[in-house]
Amino acid sequence: MLSDLSTETEIYTLQERMLFVRLVEDRLQELCLEGKAGDLHFSKGQEAISVGVMSVLRETDYIATHHRTIAHAISKGVPLRLLLAEILGKAEGLNGGMAGEMHMSCLEKRFMFSFQLVGTCVPVAAGIAWAVKNVKKTDDIVVVFHGDAATANGQWHEGVNIAAVQRLPLLLVCENNHLAGNVRPEHYMPVDVFQRAAGYGIRSNRVDGNNPGAVKAAAEYAVEYVRRESKPFLLDCDTTRLGRHKQGQGDLRSVEEKEALALRDPLLHAIFEPAIIEAFKAAINHIIEEVLAGPDPIRSV
Amino acid sequence: MTTMPAIFQRNHLIRDAIGRALYDGMKLDSAIHLFGEGAHAKIHYDAPKIEAAFLDRVHTLPISEDGNTNFAVGASLLGIKPVVDVISADFLYRMMDSIANTAAKLNFMRPNEDPKTIVIRAEFLTGGPTTGQRPESLFTHIPGLRVVIPSTPRHAYGLMRTALSTPGVTLFFEDRMIQDNDEWSPSDLIPAGPLPIGAASWCHRGRRGNATIVTYGIMRQVVQRVLRRYTSTNDYPMLCDLIDLVSLAPIDWNFITKMLERTRYREGWLLIVEPDIQYGGIGAEIAAYYQKCRPRMQVRRLGAPFATIPASMALHAQMLPSEEDILGAIRSFH
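Taken in sequence, the protein lines are chains R and U. So in the working numbering, the last spot in the first sequence is 301, and the numbers never skip. So in the working numbering, the last spot in the second sequence is 334, and the numbers never skip.
Just so you know, these hints were derived from the structure itself, not from any lab. Heads up, the beta-carbon is just placed ideally off N, CA and C, and yes, glycines get one too. Warning: the hint list may mix true and false statements.
Said to hold, decoys possible - Across the chosen pairs, the derived CB separations fall in these ranges: (1) U:129 / R:290: 56 to 66 Å; (2) R:182 / U:253: 43 to 53 Å; (3) R:195 / U:165: 41 to 51 Å; (4) U:56 / R:116: 51 to 61 Å.
Construct the entire structure; sequences and hints are all you get.
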C-alpha cells in the first residue's frame, strides 16, 4: 500500500503525483470543516509547480518554503504519516506537533524550513545555500518557493541580494498566483515577477505553472544552471489558486472569475484509472485515521 | 552627574575580552562563523588575531540587518554556529522580526532536531536619538532568547564562551559606556573560563542586614563607585549588597532571593537601578515578583527617564541615574 510518494516516486506520473497531493488536501479540507484541523492553506490549482520542480531535484537537494507547504512537503517525499500528524498537531508529527503546517521541517528529506511570515524563507534559504556551498562544499542546490506577493517584501530582496552577491546555488521558484491573500497585484506588483531578477543581475524565466511538463522542463534547465554556475536563478511560474487563501477565510473573487480560473485547473483534463484514485484515497484515509487516534503532544518547555 | 567617556571607542577592556572569547571559542569549534556588516573591519578592531587565524570564517554581509539574521538562521540549519554582529543595539529594532519570529522560535519548533546555537551581538552606544537606545527589556519578553549584558571583562569573556558552546539563541550586549579607567577588582579583569548564563554576580558585599541593590551594565560601575566610597565608614551605603544581574533572561531569582534573605530588616529592602528607560523595564518585573512573594518588602527603582536620547553627550549622561540619586535612594529606606 502506498504510504508516501518518496519510496515509489518512479512509478507514478507527474499527474498521478498531483492527484495524490490534491486528494490529501481534499481530505484535510474535510477535517477542517469537521473541526478536526485548524484553518489550513491549500495549494489546489498550484500542484504542478511543486510536483514538477521536485521531480528534477536530487534527493540530496534542499528546499525551503513559505506558509502554503503541504504540496511541497508531499512532493519532496516527506513521510505522509509524520507530515499529517504534524499538520494535525499530534505528538508523532515531524516537529512533535509544535510547528504545524506553516513551520514544519524534515531534515531527513531536506525539507529544511517553512515559515508563516511572507519572505522570511528567502534569506533563510540563502543561508542554507551559503552553508552548502562554503561549508558542506557539495554541489547540491537549494530551492526556495515563494509567492508573487513575497517579492514586495524586504526579506525577499535582502535574501536575493545576498545570494546574488555571494553567488549562491539558490533556485527561486515563484508560485505566481497573482494574489496576496485577497489583495490584487495592482496593490503590490509594479512589474512582472521575472523582471525583478534583472536588478540583482541574475537570470530568470517564465513558465506556465499549471502545465507539469512545462514546469519540469523549465525547472530542469534552471536546476542544471544553478548547479553548474553556482548562481541564483528565478523561475516565475504563472499559476491559479483555485481555493481560498486559507480555509475559513472569505474569497472576494466572483463566481464567474473562479469558473474561468477553474478552466486552467492542471488536473482538468487528466484522466485516471478509478483503481488508482481508490487506492490513493484508501491509503490517505487509513493514515489519517491512525494519526487522529494518536496522542496529543505533552508540553515540555 | 554620571561621568561618561568623551570618546567611548577608547574603552577596550570588555571589547577585548569578547574578542578573546570569540578567538578561543573558534579555536575549539570550527562550526563557529562570524557574520556582520563590515565584519572584517570590526573583528579586526576587536581582535586582529581572529581574522588572521580564521579568515574563511569571518564574513561580511550587506547592510540588511533583518535579512542577515535570517541568513544566519539558515546557516545554523546545517550545523553552523553563527555569531551575528549587529554593531549598534538600535539596529535591533530592524531585526525584531528575524530575532523574535525566526531565531527565537527555531529550537522550539524543532524538538526532534539538535538545538541550534546562534549568538547575536550588539553594542549600547552614545550619540543621539537612534544611537544609544537600550532595547534589552523588549527582548526579555520573548521566549526562546537569552539576554546577557556583562559589565566586567571576566563576565564578557565567560558568557561569550558559554553562549558559543551552549545550544540556544543568545542576545549578547556590549555596554560601550563602561569605562576602562575604574577601580576594577583584579578578578574582574582576568578571564576565568566559561561562566554560566543565568547566574548573577555578587559584586559588592555589604554588612549583613541592609538593602540589596540589583543592577546591570554601566550602572554596576556607577553603583559600585558609590558603595566603595563608604566601605570604611559607618554610613548606610556600606551595609548594602550589590548584585549585577549579568543575565536578564533568564534572571537569577534564586540568588536575588538569597541576598534578600541576608537582611534583618523586616522582609528586605530592594533597590533596582537600571540604565534603560525605567518605564516598562526589567526592574518592574523584579519589583512585581517580590511584591507577590514578599509583600512587606520595600522596593525603590531608579532608571532613565521616559525620553528620547539627545545628541548632546552631556545631556545623555544626565539621563542615567546619578551617584547622588543612588545615595538618596539608599538613604530613603532608613
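Status of the hints after comparison with the structure:
Hint check: residue 129 of chain U to residue 290 of chain R, Cβ distance near 59 Å, so the stated range 56 to 66 Å holds. Taking 43 to 53 Å as the suggested C-beta distance range, the pair residue 182 of chain R and residue 253 of chain U conforms, at roughly 47 Å. For the hinted restraint 41 to 51 Å between residue 195 of chain R and residue 165 of chain U, the CB-CB distance of approximately 47 Å keeps it satisfied. The hinted window of 51 to 61 Å between residue 56 of chain U and residue 116 of chain R is violated, with their beta carbons roughly 34 Å apart.
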